[in-house]
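When you get a sec, could you build the whole thing from the sequences and use the hints?
Protein chains in written order, with this note's numbering: chain U, 1 to 118; chain R, 119 to 316.
Calculated from the structure, these hints are not laboratory results.
Don't take every hint at face value.
What the hints assert, rightly or not - Which residues of chain U face chain R? A few of them, derived with a C-beta cut under 10 angstroms, are: (1) L15; (2) R24; (3) T66; (4) V97.
Stated by the list, open to error - Each pair of labels, with its calculated beta carbon distance range: (5) A87/U - P151/R: 24 to 34 angstroms; (6) D270/R - G89/U: 55 to 65 angstroms; (7) V94/U - D270/R: 40 to 50 angstroms; (8) P91/U - G189/R: 55 to 65 angstroms.
To be verified - Which residues of chain R face chain U? A few of them, derived with a C-beta cut under 7 angstroms, are: (9) L210; (10) P213; (11) S216; (12) A217; (13) L219; (14) Q289; (15) H290; (16) E292.
Think of the CB as a built atom: it goes at the ideal place given N, C-alpha and C, for glycine as much as any other residue.
Residues per chain are reported as follows:
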Amino acid sequence: MSATHEAPAADLADLVGRVPGVTRLYPAASLAGQVSAVVASAISGVPADQIAVAPGRIAIRIGVGTWRPAAAVCRDVYAAARAWSQAAGIPDAVIEVTAASIETTDADLSALPQADRR
Amino acid sequence: MTDPYLPGDELIDGHTLDELSDYLARGRTPADPSIDGSPECRAALESLARLSRTTRDLLDAEAEQSSADDGWVGRILDGIRLDVQSGRRVPLAHPDPSADLALTEGAVRALVRGVGDGIDGVIVGRCRLDGELETIGSPIAVHVEISVRYGDPLDAVAAEVREAVAAELAQHAEVNVASVDVTVTDVRAGRAPDGGLA
Numbered sequence: 001m002s003a004t005h006e007a008p009a010a011d012l013a014d015l016v017g018r019v020p021g022v023t024r025l026y027p028a029a030s031l032a033g034q035v036s037a038v039v040a041s042a043i044s045g046v047p048a049d050q051i052a053v054a055p056g057r058i059a060i061r062i063g064v065g066t067w068r069p070a071a072a073v074c075r076d077v078y079a080a081a082r083a084w085s086q087a088a089g090i091p092d093a094v095i096e097v098t099a100a101s102i103e104t105t106d107a108d109l110s111a112l113p114q115a116d117r118r
Numbered sequence: 119m120t121d122p123y124l125p126g127d128e129l130i131d132g133h134t135l136d137e138l139s140d141y142l143a144r145g146r147t148p149a150d151p152s153i154d155g156s157p158e159c160r161a162a163l164e165s166l167a168r169l170s171r172t173t174r175d176l177l178d179a180e181a182e183q184s185s186a187d188d189g190w191v192g193r194i195l196d197g198i199r200l201d202v203q204s205g206r207r208v209p210l211a212h213p214d215p216s217a218d219l220a221l222t223e224g225a226v227r228a229l230v231r232g233v234g235d236g237i238d239g240v241i242v243g244r245c246r247l248d249g250e251l252e253t254i255g256s257p258i259a260v261h262v263e264i265s266v267r268y269g270d271p272l273d274a275v276a277a278e279v280r281e282a283v284a285a286e287l288a289q290h291a292e293v294n295v296a297s298v299d300v301t302v303t304d305v306r307a308g309r310a311p312d313g314g315l316a
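Below is the structure:
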């Protein structure tokens with residue numbers, strides 16, 4: 001089963017991006033993501049390396065800020081994805097949410113020291 | 119000497135530290151999706167930027183003198199390269215068995231590094247998480263190596279790092295922190311009141 005026209009995977013990416021505390025979406029890197037990314041792209045129009053949707057599994061990889069607990073953000077992303085999966089006709093899918101980064105500051109643009117760089 | 123813990127290829131998601139620091143120095147332009155889309159690279163950029171701010175102060179103070187001590191900077195760069203690797207999955211509890219929620223070990227280490235670096239005068243050299251990270255509730259021992267500014271009270275600084283790291287891990291990763299061991303590996307020069315090196 002695949003995402004329906006009424007609930008395309010692009011909507012899922014949008015939903016995830018709106019969860020408070022989510023700072024970015026990373027390409028899905030799990031095995032499920034690698035296998036299903038092309039399928040997801042074909043059925044939904046979402047870039048193949050974004051959220052991976054496969055029959056039975058949805059893989060989401062996010063970056064989070066520190067102003068909310070990362071664990072709480074992951075649970076809220078899960079809740080959003082579960083609601084989406086039900087609307088998309090895949091209510092029993094396993095939903096994998098991985099916080100791949102917790103960003104404490106924004107990297108600035110300053111030059112770096114040259115000492116012992118390798 | 120080669121550090122046995124460092125990845126053999128010395129790459130961070132396909133990029134060297136040199137490439138990442140050059141990218142940062144260029145203002146991250148032109149945008150490189152292979153860097154911006156990599157959590158490992160982004161964590162390294164964050165750490166490099168914080169390190170840059172600290173060493174810039176030193177370099178300003180030293181003016182025409184030799185650059186910042188290669189030794190401690192090198193150790194910190196090694197630590198960054200090691201710590202940003204994604205590592206194990208740190209699971210989060212959820213009542214729905216079809217929910218597979220986790221943080222990467224690299225994200226947790228980057229959090230520890232960010233917390234430590236946020237304490238005045240501290241730069242984190244390395245962070246290690248020992249224990250069954252992939253088992254919810256299993257006790258975890260955290261080991262943090264830090265560089266401290268000359269003149270700062272070592273015991274007090276270490277205690278501050280210990281408390282801050284434990285608190286942030288409990289809040290964000292919900293891991294069972296059994297201990298936080300802080301080791302001061304370097305004491306580096308800092309700014310004296312007259313603006314020179316202390």
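We went through each hint and held it up to the structure:
1. L15: violated (16 angstroms)
2. R24: holds (8 angstroms)
3. T66: This interface hint holds because 7 angstroms falls under the 10 angstroms limit.
4. V97: Holds, about 5 angstroms.
5. A87/U - P151/R: 24 to 34 angstroms: Holds - the Cβ-Cβ distance for A87/U and P151/R, about 30 angstroms, lies within 24 to 34 angstroms.
6. D270/R - G89/U: 55 to 65 angstroms: Given about 60 angstroms between the Cβ atoms, the range holds.
7. V94/U - D270/R: 40 to 50 angstroms: holds (49 angstroms)
8. P91/U - G189/R: 55 to 65 angstroms: Because 57 angstroms falls inside the window, the suggested range holds.
9. L210: Result: holds, 5 angstroms to nearest chain U Cβ.
10. P213: Hint violated; P213/R Cβ to chain U Cβ min 10 angstroms, cut 7 angstroms.
11. S216: With a minimum Cβ separation of about 5 angstroms from chain U (threshold 7 angstroms), the hint on S216/R holds.
12. A217: holds (5 angstroms)
13. L219: Given a least distance of 5 angstroms, the restraint on L219/R holds.
14. Q289: holds (5 angstroms)
15. H290: Where the cut-off is 7 angstroms and the nearest Cβ of chain U is about 4 angstroms from H290/R, the hint holds.
16. E292: Since chain U brings a Cβ to about 5 angstroms from E292/R, closer than 7 angstroms, the hint holds.
Checked against the numbered hints given earlier, the structure breaks hints 1, 10 and satisfies all the rest.
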